[in-house]
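Under the numbering used here, think of the first position of the sequence shown as 9, with each following residue one higher.
Treat each hint with caution, since some may be false.
[To be verified] Ranges between beta-carbon positions, derived for each pair:
{"hint": "1", "residue 1": "Asn369", "residue 2": "Pro172", "range": "27 to 33 Å"}
{"hint": "2", "residue 1": "Asp265", "residue 2": "Trp20", "range": "42 to 48 Å"}
{"hint": "3", "residue 1": "Lys85", "residue 2": "Trp20", "range": "38 to 44 Å"}
{"hint": "4", "residue 1": "Arg156", "residue 2": "Tyr39", "range": "37 to 43 Å"}
{"hint": "5", "residue 1": "Phe365", "residue 2": "Gly42", "range": "32 to 38 Å"}
{"hint": "6", "residue 1": "Gly42", "residue 2": "Arg280", "range": "40 to 46 Å"}
These are calculated hints, taken from the structure and not from any lab test. Glycine included, each C-beta is placed from N, C-alpha and C at the ideal position.
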Amino acid sequence: MNALRKLGVWHWIFWITMAFAGYATFIRFWYGLGAVSNMSDQFPWGVWVGFDVMCGVALAAGGFTIAAVVHVFNIKKYKPIARPAILTAFLGYSLVVLALMFDLGKPYNIWHPLVMWNPRSVMFEVGWCVTLYSIVLGLEFLPAVLERFHLELPLRLLKKIMIPLVIAGCILSTLHQSSLGSLFLILPHKLHPLWYTDMLPVQFLFSAICVGLAMTIFESWHSAKAFGHHLEMDLLNGLARVLAVALSGYLALRFLDLYHRGVLPLLTQPTREVWFFSLEILLLAVPAALLYRDHVRSYPPALYGCSVSVVFGVITNRLNVGITGMERASGVSYTPRWTEIAITLGIVALGFAIFRFAARNLPILGEEQQTAVPASTVTREMAPSFAQGD
Numbered sequence: 009m010n011a012l013r014k015l016g017v018w019h020w021i022f023w024i025t026m027a028f029a030g031y032a033t034f035i036r037f038w039y040g041l042g043a044v045s046n047m048s049d050q051f052p053w054g055v056w057v058g059f060d061v062m063c064g065v066a067l068a069a070g071g072f073t074i075a076a077v078v079h080v081f082n083i084k085k086y087k088p089i090a091r092p093a094i095l096t097a098f099l100g101y102s103l104v105v106l107a108l109m110f111d112l113g114k115p116y117n118i119w120h121p122l123v124m125w126n127p128r129s130v131m132f133e134v135g136w137c138v139t140l141y142s143i144v145l146g147l148e149f150l151p152a153v154l155e156r157f158h159l160e161l162p163l164r165l166l167k168k169i170m171i172p173l174v175i176a177g178c179i180l181s182t183l184h185q186s187s188l189g190s191l192f193l194i195l196p197h198k199l200h201p202l203w204y205t206d207m208l209p210v211q212f213l214f215s216a217i218c219v220g221l222a223m224t225i226f227e228s229w230h231s232a233k234a235f236g237h238h239l240e241m242d243l244l245n246g247l248a249r250v251l252a253v254a255l256s257g258y259l260a261l262r263f264l265d266l267y268h269r270g271v272l273p274l275l276t277q278p279t280r281e282v283w284f285f286s287l288e289i290l291l292l293a294v295p296a297a298l299l300y301r302d303h304v305r306s307y308p309p310a311l312y313g314c315s316v317s318v319v320f321g322v323i324t325n326r327l328n329v330g331i332t333g334m335e336r337a338s339g340v341s342y343t344p345r346w347t348e349i350a351i352t353l354g355i356v357a358l359g360f361a362i363f364r365f366a367a368r369n370l371p372i373l374g375e376e377q378q379t380a381v382p383a384s385t386v387t388r389e390m391a392p393s394f395a396q397g398d
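Please take these sequences and the hints and turn them into a complete structure.
If you want it as structure tokens, here you go:
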């Protein structure tokens, strides 16, 4: 009883979430997909693909982005946030594989694409790239484990091949981030025109880079709050500058594509698809505009709010492509069952718990910078500058 009383609110939320997820997991593997999901032959891809896989892969893009900046472009000042970004990516891809075990009708056959080749299939390329990149991320993260147990020889050997590993990871991640968009190119008459375009692979890659940068800021904020560290504001300010430019380029690409395809008039129609498209664009356009302002980038709560908006904007985009944009052509309306949502929330909660455990027990978090500020503290000097502008 004393142990139960010591549990905080978030501990209770975690264990309650995992209890519901555990029950839904039992139903899934004992009674099958039909007992736990509202997916059907008319709508075979639901929230487990739309969110768990498509969003999970995108949210893990910070790994290859930051690793390339530190190890390939040799910008060492970002080294303190490299390991948390790589850990986030490694967990993201591991949990994507876990989510696939729920979505596949025969999850024990998940290894088949590795030996039963179909080189003409985009799904085959995605499967191979996700498998190889997960291995690469594991190797990129391994130095933290080796340092924890003082294994010097394998650590030195691994550091010698780190740059080729990072380059391989960037290539693999670039391939499958874009290939997730390529999956939908075979659906010109099923995916709504607001999202169907030959530019989907480029758009998916571009938006993954944006959300990867935003997730790095998001993770840095929560790590600082959870472990009492300081925010590396000079590093996050630099990431926010790049994020503002990347978001602007992505949004320009989206609207130029809509214009050249003659789809812009659809935005005047009061349809469900237009509302969800507008939400997606709004969530990305607002931080794109705000992050050009120095006082926003220097004000921790505003910077965090912008990163959250970008994360939800890209999540909305993936759900629009995978679910919203497909419903009209399918002729059915899909709403996930509570068990689908419970399993998804359980996977997300598991990711947070593993990150917390790793950050507490492994050398993950970098050294504090001289310009860092406490995540939980906003000085009186900062707040007026945010209100007044530059």
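To see whether the hints hold, each was checked on the structure:
no.: 1; hint: Asn369 / Pro172: 27 to 33 Å; result: 29 Å, holds
no.: 2; hint: Asp265 / Trp20: 42 to 48 Å; result: 46 Å, holds
no.: 3; hint: Lys85 / Trp20: 38 to 44 Å; result: 40 Å, holds
no.: 4; hint: Arg156 / Tyr39: 37 to 43 Å; result: 42 Å, holds
no.: 5; hint: Phe365 / Gly42: 32 to 38 Å; result: 35 Å, holds
no.: 6; hint: Gly42 / Arg280: 40 to 46 Å; result: 26 Å, violated
Consistency with the previously given hints fails for number 6 only.
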